[in-house]
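Peer 1: Sequence:
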Amino acid sequence: MKITTFAIKIWRWASLLFVIGALAWTYSLFPEMVAVDFADSGLAERYVEKGNIFYIVTGLFLLNNVVITGIARHIPNVDPLHLPILKRKEWARHRAELNEHLTNWLFCLVAVINTITGFSLLALATINSTAYKLDVFDFSWLYYTSLALVLIVFLLPLRLLWPPLHDDKL
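For the sequence shown, counting from 1, position 25 maps to 198 in my numbering; every step adds exactly one.
The hints are simulated quantities; they were obtained by calculation from the structure and are not laboratory data. Please note that a few of the clues may not be correct.
[As the list claims (entries may be wrong)] Between beta-carbon pairs, the in silico distance windows are:
#: 1; residue 1: Asn225; residue 2: Ala265; range: 42 to 48 angstroms
#: 2; residue 1: Tyr220; residue 2: Arg332; range: 41 to 47 angstroms
#: 3; residue 1: Leu338; residue 2: Gly194; range: 40 to 46 angstroms
#: 4; residue 1: Ala265; residue 2: Val221; range: 47 to 53 angstroms
#: 5; residue 1: Ile176; residue 2: Val221; range: 38 to 44 angstroms
Computed from a predicted structure; not experimentally measured. Quick reminder that beta carbons are idealized off the backbone N, C-alpha and C, glycines included.
Can you make the complete structure from the sequences, with help from the hints?
Peer 2: Below you can see the structure in the form of structure tokens.
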């Protein structure tokens with residue numbers, strides 16, 4: 174197992190535990206009506222019941238961790254000539270590496286979605302808490318971090334433009 178595969182698996186499992194812990198902890202802290210939309214002044218404009226937030230996050234969690242992970246587990250069963258990648262014939266000769274790249278990419282996508290969801294829940298709980306003096310503008314870093322993570326994940330498949338070069342004479 175490559176170090177990148179190991180790191181992505183660790184990140185995926187850690188993010189899974191993180192989002193479950195964040196959901197349980199924030200649900201216990203949320204008021205009955207949670208502020209979710211804010212005006213330019215920082216004052217809350219829209220509220221959602223905490224039960225609805227729980228069900229939305231749980232649905233996203235299940236979709237992310239069951240469906241996308243299920244797709245990743247079926248990558249080895251798909252004929253490489255039917256995959257939506259360039260240079261399919263070259264990658265078909267290096268099937269093990271292709272499987273590893275694609276499953277790593279999908280597992281990384283799962284980990285990114287879990288990480289963003291967990292941090293968003295913690296930020297939402299902090300903003301709605303009366304114990305902290307933080308407002309919505311104190312969490313602008315979350316937007317930029319999330320944007321960078323999503324951008325990095327969607328740039329990972331660029332590696333598939335160059336098939337591996339192995340010396341067949343050895």
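Peer 1: Now look at each hint and say whether the structure bears it out.
Peer 2: Results of checking the hints against the structure:
no. : hint                                 : verdict
1   : Asn225 to Ala265: 42 to 48 angstroms : 47 angstroms, holds
2   : Tyr220 to Arg332: 41 to 47 angstroms : 44 angstroms, holds
3   : Leu338 to Gly194: 40 to 46 angstroms : 43 angstroms, holds
4   : Ala265 to Val221: 47 to 53 angstroms : 48 angstroms, holds
5   : Ile176 to Val221: 38 to 44 angstroms : 41 angstroms, holds
Comparing the model with each numbered hint stated earlier shows that all of them hold.
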